[in-house]
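**Student:** One-letter residues, chain by chain:
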Amino acid sequence: AQKVTQAQTEISVVEKEDVTLDCVYETRDTTYYLFWYKQPPSGELVFLIRRNSFDEQNEISGRYSWNFQKSTSSFNFTITASQVVDSAVYFCALSEGNAGGTSYGKLTFGQGTILTVHP
Amino acid sequence: DTEVTQTPKHLVMGMTNKKSLKCEQHMGHRAMYWYKQKAKKPPELMFVYSYEKLSINESVPSRFSPECPNSSLLNLHLHALQPEDSALYLCASSQGTYGELFFGEGSRLTVL
Chain S
944 AQKVTQAQTE ISVVEKEDVT LDCVYETRDT TYYLFWYKQP PSGELVFLIR RNSFDEQNEI
1004 SGRYSWNFQK STSSFNFTIT ASQVVDSAVY FCALSEGNAG GTSYGKLTFG QGTILTVHP
Chain U
278 DTEVTQTPKH LVMGMTNKKS LKCEQHMGHR AMYWYKQKAK KPPELMFVYS YEKLSINESV
338 PSRFSPECPN SSLLNLHLHA LQPEDSALYL CASSQGTYGE LFFGEGSRLT VL
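If you're matching them up, the sequences are chains S and U in order. As numbered in our numbering, residues 944 to 1062 make up the first sequence, in order. As numbered in our numbering, residues 278 to 389 make up the second sequence, in order.
Hints were generated in silico from the structure; no laboratory data involved. Careful: at least some of the hints might be erroneous.
[Claimed, not checked] Here are the simulated DMTMM-like pairs of lysine to aspartate or glutamate, each with C-alpha atoms no more than 20 Å apart in a straight line:
1. U:K317 <-> S:D1029
2. U:K286 <-> S:E987
3. U:K299 <-> S:E987
[What the hints assert, rightly or not] Derived DEER-like restraints, expressed as beta-carbon distance ranges:
4. U:S297 <-> S:E958: 18 to 26 Å
5. S:S1014 <-> U:G291: 47 to 55 Å
6. S:E960 <-> U:L331: 43 to 51 Å
7. U:M304 <-> S:T973: 45 to 53 Å
8. S:E960 <-> U:A357: 17 to 25 Å
9. S:A1024 <-> U:E344: 43 to 51 Å
10. S:D972 <-> U:L389: 39 to 47 Å
[Claimed, not checked] Quick partial rundown of chain S residues pointing at chain U, CB under 8 Å, derived from the structure:
11. F978
12. L988
13. F990
14. R993
15. R994
16. F997
17. F1011
18. T1023
19. A1024
20. V1027
21. D1029
22. S1030
23. A1031
24. G1053
Every residue, glycine too, gets a C-beta built ideally from N, C-alpha and C.
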């Protein structure tokens, strides 16, 4: 069975601080996909990134960066120079791949981390 | 703006009512999903449609009845719900089986 753990329930920072959201996952599959989603108060889950298990390259997109380490089963997310608009719930999620291609959108979500950025 | 549109945004219904939630996407995605999210919890998968056919039902009670009239539309028919069914219902779509999901803003349902 797969599992995603986001140990940080809530994080509070002041604007312009850097913040890292931790994500640790468990899966028996060798092929899997990891995601980060942002959920602002409006309710919509906004896709941020997908990473497959064969690609351990870190990625940077503007103020966002992701560190994927298979050796520690972690997929951490860093926001540099945080802004008030970054305040949201952030979910890390895992999708297992299989030869039949039937995993569809069966995402296993972590419990989420509530990020509050104060002005 | 989200490319997955859900209506209504808010719905209040009694336990004897029949109502429907609607979802529409125009991204040409072939898979569509219903997720349920309780307050302060992660979303939980309910149903998956692939090419307009129901492919996954996560043991959802029959008082929830999904329908996919065409590749762009997804409905969730509600009947005889319980107060514990009050939640945010999220619709999503994806291009393929491993692709990222695109979510709507959700329909917030309150059952009295």
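**Student:** Should the interface hint for S:S1030 be scored as holding, given a Cβ-Cβ cut-off of 8 Å against chain U?
**Tutor:** Because about 16 Å separates S:S1030 from the closest Cβ in chain U, which is outside the 8 Å limit, the hint is violated.
**Student:** At the C-beta level, are U:S297 and S:E958 separated by a distance inside 18 to 26 Å?
**Tutor:** 43 Å, violated
**Student:** Holds or violated: 39 to 47 Å for the Cβ distance of S:D972 and U:L389?
**Tutor:** 43 Å, holds
**Student:** Does U:K286 pair with S:E987 here, judged by a C-alpha cut-off of 20 Å?
**Tutor:** Status holds; Cα separation ~11 Å.
**Student:** Tell me if the beta carbons of S:S1014 and U:G291 are separated by a distance inside 47 to 55 Å.
**Tutor:** 54 Å, holds
**Student:** Regarding S:E960 and U:L331, is the given constraint of 43 to 51 Å on their beta-carbon distance met?
**Tutor:** Taking Cβ atoms as reference, S:E960 and U:L331 lie about 46 Å apart, which means the hint holds.
**Student:** Please verify that hint: S:F1011, Cβ, nearest Cβ of chain U, below 8 Å or not.
**Tutor:** Because about 15 Å separates S:F1011 from the closest Cβ in chain U, which is outside the 8 Å limit, the hint is violated.
**Student:** Should the hint that S:A1024 and U:E344 are 43 to 51 Å apart at their CB atoms be regarded as holding?
**Tutor:** With a Cβ separation near 46 Å, S:A1024 and U:E344 satisfy 43 to 51 Å, so the hint holds.
**Student:** With chain U as the partner, please determine if S:T1023 meets the hint condition of a C-beta pair closer than 8 Å.
**Tutor:** 23 Å, violated
**Student:** Is the interface hint satisfied for S:L988? The criterion is a beta-carbon contact with chain U at less than 8 Å.
**Tutor:** It holds, given that the least Cβ distance between S:L988 and chain U is near 4 Å, below 8 Å.
**Student:** Min Cβ distance, S:F990 to chain U: is it shorter than 8 Å?
**Tutor:** Because about 5 Å separates S:F990 from the closest Cβ in chain U, which is inside the 8 Å limit, the hint holds.
**Student:** Starting from U:K317, check that the Cα of S:D1029 is at most 20 Å away, please.
**Tutor:** Measuring from Cα to Cα gives roughly 18 Å; hence the hint holds.
Hint compliance for this structure: hints 4, 7, 8, 15, 16, 17, 18, 19, 20, 21, 22 and 23 are broken, all remaining hints hold.
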